[in-house]
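Student: Next come the chains, spelled out residue by residue.
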Amino acid sequence: MVSQDLYAQLHGVVVKRRGKAVLGPLDLDLLGGGFTIVLGPNGAGKTTLLKVLHGVDRLTSGSVSWTVPAKTVRQGQAYVFQRPIMLRRSVRANLAYPLQLLGLPKAEISARVAHWAARIGLSAELDVPAPRLSGGEQQKLALARALIRGPDTVFLDEPCSNLDGRSTREIEDILCDASAAGARIIMSTHDLGQARRLADRVLFLNKGLVEERGPADRFFAAPKSPGAIAFLNGDIIE
Amino acid sequence: MIRAILIALTIAGTAASAETLRLAATTSFNNSGLSDVLLPAIAQDTGLDVQLLVVGTGQAIWLGQSGDVDAILVHSKSAELAFVAAGYGSHRREIMYNDFVVIGPSGDPAQVRAATSAIEALQSIASAQATFVSRGDDSGTHRKEMALWTAADHEPADFAAWYREVGAGMGASLNSASAMNAYILADRASWLNFGNKGDLSLLFAGDPALFNQYSYLPVNPERHAHVKAQAAQALENWLVSPRAERIINGYEIGGEALFVFNARP
Amino acid sequence: MSEIWAGMAEAFLLIWSLDADLIDITLRSLQVSLSALVIASALALPLGTWLAIRRFRHRRLVIATMNALMGLPPVVVGLIVYLLLSRTGPFGVLGLLFTPAAMIIAQVIIITPLIASITHQAMRELWSDYHDLLISLNTTHGQRIATLIWDGRRALMTAALAGFGRAIGEVGAIMIVGGNIDHVTRVLTTAIALETGKGDFALALGLGFVLIALSLCVNLAIHTLSRTEREGRW
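Residue numbers (this note's numbering), protein chains in the order written: chain A, 1 to 238; chain B, 1 to 265; chain C, 1 to 234.
Read the hints as simulated data drawn from the structure, not as lab findings. Here the structure is a predicted model, which means the values were calculated and not measured. Take these hints with a grain of salt, some might be off.
Said to hold, decoys possible - Pair ranges (Cβ atoms, derived): (1) 183/C to 106/B: 52 to 62 angstroms; (2) 59/C to 82/B: 46 to 56 angstroms; (3) 59/C to 63/A: 25 to 35 angstroms; (4) 65/A to 143/C: 46 to 56 angstroms; (5) 57/C to 218/A: 47 to 57 angstroms.
Every residue, glycine too, gets a C-beta built ideally from N, C-alpha and C.
Start from the sequences and build out the full structure, keeping to the hints where you can.
Tutor: So, in structure tokens, the structure goes:
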């Protein structure tokens, strides 16, 4: 049974780029744990929504409030970008970096790095420069780096869009483990199959607005908004 | 190799034992090579480490006025007298003299060799409009050249393109004259010590008007309290000593003596 | 032409026999320019990095000014420093004129804008790469600067070497503020100017070859470093 607790609220959130509104106005209550999948066509504002929630993008107006104090809110969060951002260092150094920022003792860092390297199957590549890895390996590394601090919320922006089936499965496995361990996953995706596999809840975004939301099974079985219907049908939404 | 290491160590450390004195001297004094002989002898006899700044007379006087050096050694009597009169220098002490010579292409198109005086030599150059290089840097040599033009009833400002002001020291000016195969007024010492003569040769000398007196002027400590007046005095005493007389009179290039010591005790 | 060959031969002899004057002048050149490099880098590397990541009101103006300062004619810098350090100037009491310290000061002024500008460009590129990640990881300002400097260290090294190349070959400013005093402020470039002026091409050429050799080593170092960049090893 997934929790229904409120954890974040968006009040009148608007994000404008070059004068055009890409997101909002949004008033939204975000509830519960598990997998929240953000669905929608290209340009719907999925990335912007995730970045706004994580506090990385500036709001043109409105506010985002979390139930934990504002100062500590980002400490418990992690973000995986659509294109993995690798530090120009080794795999080991990339994994260790977030822990070094926290000032953890070296032994602790080594232990966690070893654990996660094994988890993503890169134990043999610990000293390889991260920019040399394949796309799939880099994204797995980015995910491990995001999870290594044990965040309570993980944002992912279409993490598997450039990956093959095998890497996609591996990433979904890791995410399921993380969710089972209590992390809240908020993920955008294009891939309807992936959405059906993972979602507990769905947020359907179209033209910067939340057209529909609700529990996953209800959404997929009987979408209500015209946009969602068209999207699930496989039609192009303009 | 060991020499290199020793030198490195010497540079790395500080030469704390010797007392240093800053002397601004003219380029013609340095180019003659005399300073390379005098400075070690001075260090040996007085323990003074003379730091030599080789500049034109104009800049030497400026350095003395601003107190950036402790003494100056120049060869422009009128400028020196003004220096002392204005209180920048405590006094003026004549040390030695050499002479200026007229240098030019060995073909001598202006027929300077035939001149009977320095003024006549310059007049020949002007009428022939032969290429002439001037120091143009307000140095002692330059001032002497200007004085000669004036005595010859010429105004250098009115000269045509054959008159080239290079605004440089003696050596650099000689280089230019050599490259252009031009006439130039130089001090004998710098000429003899110059390594790039090319087609140039000495065409005229001996006129008393070409007399070139070098004097030593310590910077006035009443004007600039920080100058090393005692060291400057010690240097002056050495420069007028019999030892200095022997070295200066004995300094030769190619068998020719360059300077004549004329300091009075 | 025969003079040049004769000069080159004598130059080779000077180098081979480790002529005392040559060593003295070369070591002093290195001392002055390396000191200037260290000080200038300490100023320019953080400045260039900071400019790359901070947004503030007159940022573009500061960057444009910094780039323009790269074009400061060294001899003008020398003249201004000379007037400042002269006994008649504001800092005359320090007695720095005609010492290696004055030469170092002049060279620091000349090469700091160059190092800062190259640093800024390199750090700006790296920051645009790392920006989202470092903000997401909640890094402090100091952590960001440290990360950028460490990961961008090869580019920073290139910037520093560029500054060194500029310094070691400079002659106008240090001639004015140093006075080219034998055994005190004479370095490779000022000695070359002096010996050329005397018409003594042998020594001038010898010094010239040493200077070229030093510059070549520096440039080879830059080349090697930037090649590892292109090979994909960070």
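Student: Now, for every hint given, state plainly whether the structure supports it.
Tutor: Hints and how they fare:
no.	hint	in the structure
1	183/C to 106/B: 52 to 62 angstroms	38 angstroms, violated
2	59/C to 82/B: 46 to 56 angstroms	54 angstroms, holds
3	59/C to 63/A: 25 to 35 angstroms	28 angstroms, holds
4	65/A to 143/C: 46 to 56 angstroms	27 angstroms, violated
5	57/C to 218/A: 47 to 57 angstroms	51 angstroms, holds
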